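J.: Chains as they are written, first to last, in my numbering: chain G, 644 to 1057; chain R, 644 to 1057.
No lab work stands behind these hints, which were simulated from the structure alone. Please note that a few of the clues may not be correct.
Copies of one chain are not kept apart here, so a pair can be met inside one copy or by any two copies together.
Simulated pairs of lysine-lysine, DSS-like, Cα-Cα distance not exceeding 25 Å [said to hold, decoys possible]:
(1) K1051 <-> K823
(2) K1027 <-> K967
(3) K1027 <-> K747
(4) K748 <-> K973
(5) K1006 <-> K747
(6) K716 <-> K747
(7) K1054 <-> K973
(8) K1021 <-> K1054
(9) K800 <-> K671
(10) K823 <-> K716
(11) K877 <-> K823
(12) K848 <-> K716
(13) K823 <-> K812
(14) K716 <-> K888
Here the structure is a predicted model, which is why all the values come from computation and not from measurement.
Below are the chains, spelled out letter by letter.
Number of protein chains: 2
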Amino acid sequence: MNAEIINIGEELLIGQVVNTNSSWMCQKLNEIGVRVRYVSVISDVEEDIYNAIDVSLKRSEIVIITGGLGPTKDDLTKDVLAKYFKTNLEINETVLNDIVSFFKKRGMPLTELNRLQSSVPVGFGFIRNPEGTAPGLFYRKNERFLAALPGVPFEMKYMFENFIIPELKSKIRDEYIVHKTILTQGVGESFLAALIEKWEDNLPKNISLAYLPSAGIVRLRLSAAGRDKKQLQKDIAAEVAKLRKLIPEYIFGYDNDTLEGILVKLLAKNNLTLGIAESCTGGYISHLITSIPGSSACYKGSITSYSNDVKINQLCIPFQLIDKYGAVSKEVAVAMAEGVRKVLKVDYSISVTGIAGPGGGTKQKPVGLVYIAVSSDKETIVEKFLFGDRRDRNIVRSSVTALNMLRKQIKKAV
Amino acid sequence: MNAEIINIGEELLIGQVVNTNSSWMCQKLNEIGVRVRYVSVISDVEEDIYNAIDVSLKRSEIVIITGGLGPTKDDLTKDVLAKYFKTNLEINETVLNDIVSFFKKRGMPLTELNRLQSSVPVGFGFIRNPEGTAPGLFYRKNERFLAALPGVPFEMKYMFENFIIPELKSKIRDEYIVHKTILTQGVGESFLAALIEKWEDNLPKNISLAYLPSAGIVRLRLSAAGRDKKQLQKDIAAEVAKLRKLIPEYIFGYDNDTLEGILVKLLAKNNLTLGIAESCTGGYISHLITSIPGSSACYKGSITSYSNDVKINQLCIPFQLIDKYGAVSKEVAVAMAEGVRKVLKVDYSISVTGIAGPGGGTKQKPVGLVYIAVSSDKETIVEKFLFGDRRDRNIVRSSVTALNMLRKQIKKAV
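Just need the whole structure built from these sequences, with the hints factored in.
T.: Rendered as structure tokens:
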């Protein structure tokens, strides 16, 4: 069953407000097996609203409109609906009572504009709004369902969860969409695509694959549509199992997992402690770890050694080592990791030193050159990377790469 | 001049990703006086892409498409464009060279899929992509302009700012929208609104005000529309001057300023050095400072003392002080700031200790309680704050508050 969302509101088109309503609704509809095929954002212009309704009803079985139901002159949705369906607006007594008591409760006077909000196009049903003054509206005919909801997120969400979802659920019991996202680190999108090309080509017809790349991480999303939810889950699980065999070294998690979340769990479960020494990542790895609630159980702290002084005095790195190899070197990365592990008395440590850019690069050591080391009392591993030339991306890529190196080292040991 | 945006990507329609691309583009277009009338989100389905292009070119002078330009099989935009304009794809040598050197620089092999990314529909122009492998595409005919950009935000943004905006600017010279954003810290949205209510009511008719709150910071955006750009700028400047008199203590900058950017400049200009001791902010302040290119000139480093051990051993805080007052206390905040200033041998320091949540709160010391200190050899100032109960927001609010406290202290001294 195809659905379509129409968001009405100038604030969305001037970019003042990010359209979180539509992504929220897409998620909710998806969960009950309704596929959203189109989202349109239009402004409060009669012609545009009329055309959008017309187009949507011709191509989609479910149409959800948000916005334009307020009391002011720029709110046109209800009038246009009445015009499109060649009907009139009539005051609805139930809705009027709701509005009257809404204002009474707040000790505020009822304006004429608010009284008019209780009008409903003849032939439409209404959805009561305990959170505000604009009622929702809906229209049902044959296989078509159209609803208009306020654009205010919490009013919209209330009506959506309490009316739209149950209403649609009762209609559709026949189709489901199951998603599974596989998270990979350490391999670029196109290289990954080449690695899994055959597997992708052989995916069953009802399963589709999407690549979602971000700095240092590529997510692979599998989606399966069909009538038998359990079978879909089995089909997806079978494909994930094949993928695991193909690229085991790159997969670190699923769905909403994060590297930092996985690491904190892994450390806590094994009673291990962590310390970090950061140079070019400047505190970002520490921030990622401490963004996880409960990280204080395993995370003792970090030293951001942005200057050589701090590397020498706080991380106990010999001056001669920095002098000989330079601060951005394999040798200093190792010394930082081992230094911070001893200084903070932790089981595991991470260190990163590199040239984030845009300045500081040389021919021998260009912007994007990064050394990452992870260390335990058993071994210290160091790797060299050449990332790009953007400071912000270099910081993020270095950080997720470091977290994943640590994850692998711990996995190997425990 | 009307513009239309088409975002292609299943991830937007299942609600996995919020469509921030379109709001960002709407903002940018608005700033140069281009009105976005339609935003459409569609999936990677050939028929839908074809129809969307067709409809958009009939009703809008400017069409910007994002998404579907990647190297993988679900990326269809280029093929559909070629089909719609009845043309072929041809390898473009400049783009191919860009892609080859992109991979060379990273020491990675070029795949056939990436080589194919250098194809361009005959009759189209291309936009080089220093941030990735997919080139942007554009088509110009009579009064119509169509461009296709990658959906990856930083690639899209680079091409949009460096190619699309200058291209469109050269076409439109008849109407301007002038924006000025005033940045405030330390005052909540509704309290701020009450403070400036009269000024807001007396704004000239052609100037509008928007409140843009985020954690710890409220931005006020003034927008003026009209044909005389210089006059608009004068009008806006006059209103900003009035606002400065009303709330001088809360304004820290304008437009794209950031507290960390202002601070790094201020420190560098006065030859001052900075060190940080973080507890509940877990490295986030250090990350903010080091996100600024050139921060290494004034920033020496930080110690994230997530455990008491680290506070005692690395920041030289007496165990007795923590034992007596607790780690989250005025006394420990002061000792952290003074400790890190001495240990790292810096002119100024910041310290933050608090309970970010969700765990760790007590009746006496609830989640959201944060002490922030800033210190120089002249004085140490400490303040107590009660933020909310959301971990992520508490980290950000504490961080921007700390940066602003330091900014004020330095301003007073230099």
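J.: Hint by hint, note whether the structure agrees.
T.: Now the hints, each set against the structure:
1. K1051 <-> K823: within (23 Å within a copy, 49 Å between copies)
2. K1027 <-> K967: within (18 Å within a copy, 46 Å between copies)
3. K1027 <-> K747: Answer is between: at 16 Å across copies they meet the 25 Å cutoff, but 53 Å inside does not.
4. K748 <-> K973: between (50 Å within a copy, 20 Å between copies)
5. K1006 <-> K747: For K1006 and K747, the Cα distance is within 25 Å only across copies (15 Å; inside one copy 59 Å).
6. K716 <-> K747: within (24 Å within a copy, 59 Å between copies)
7. K1054 <-> K973: within (23 Å within a copy, 41 Å between copies)
8. K1021 <-> K1054: Answer is within; shortest intra-copy Cα gap is 13 Å, inter-copy 50 Å.
9. K800 <-> K671: within (10 Å within a copy, 29 Å between copies)
10. K823 <-> K716: between (43 Å within a copy, 19 Å between copies)
11. K877 <-> K823: Intra 11 Å, inter 55 Å, cutoff 25 Å: intra-copy only.
12. K848 <-> K716: between (50 Å within a copy, 14 Å between copies)
13. K823 <-> K812: This pair counts as within: shortest intra-copy Cα distance 19 Å, inter-copy 43 Å.
14. K716 <-> K888: The answer is between: 22 Å across copies meets 25 Å, while 58 Å in one copy does not.
The structure meets every hint from the earlier list without exception.
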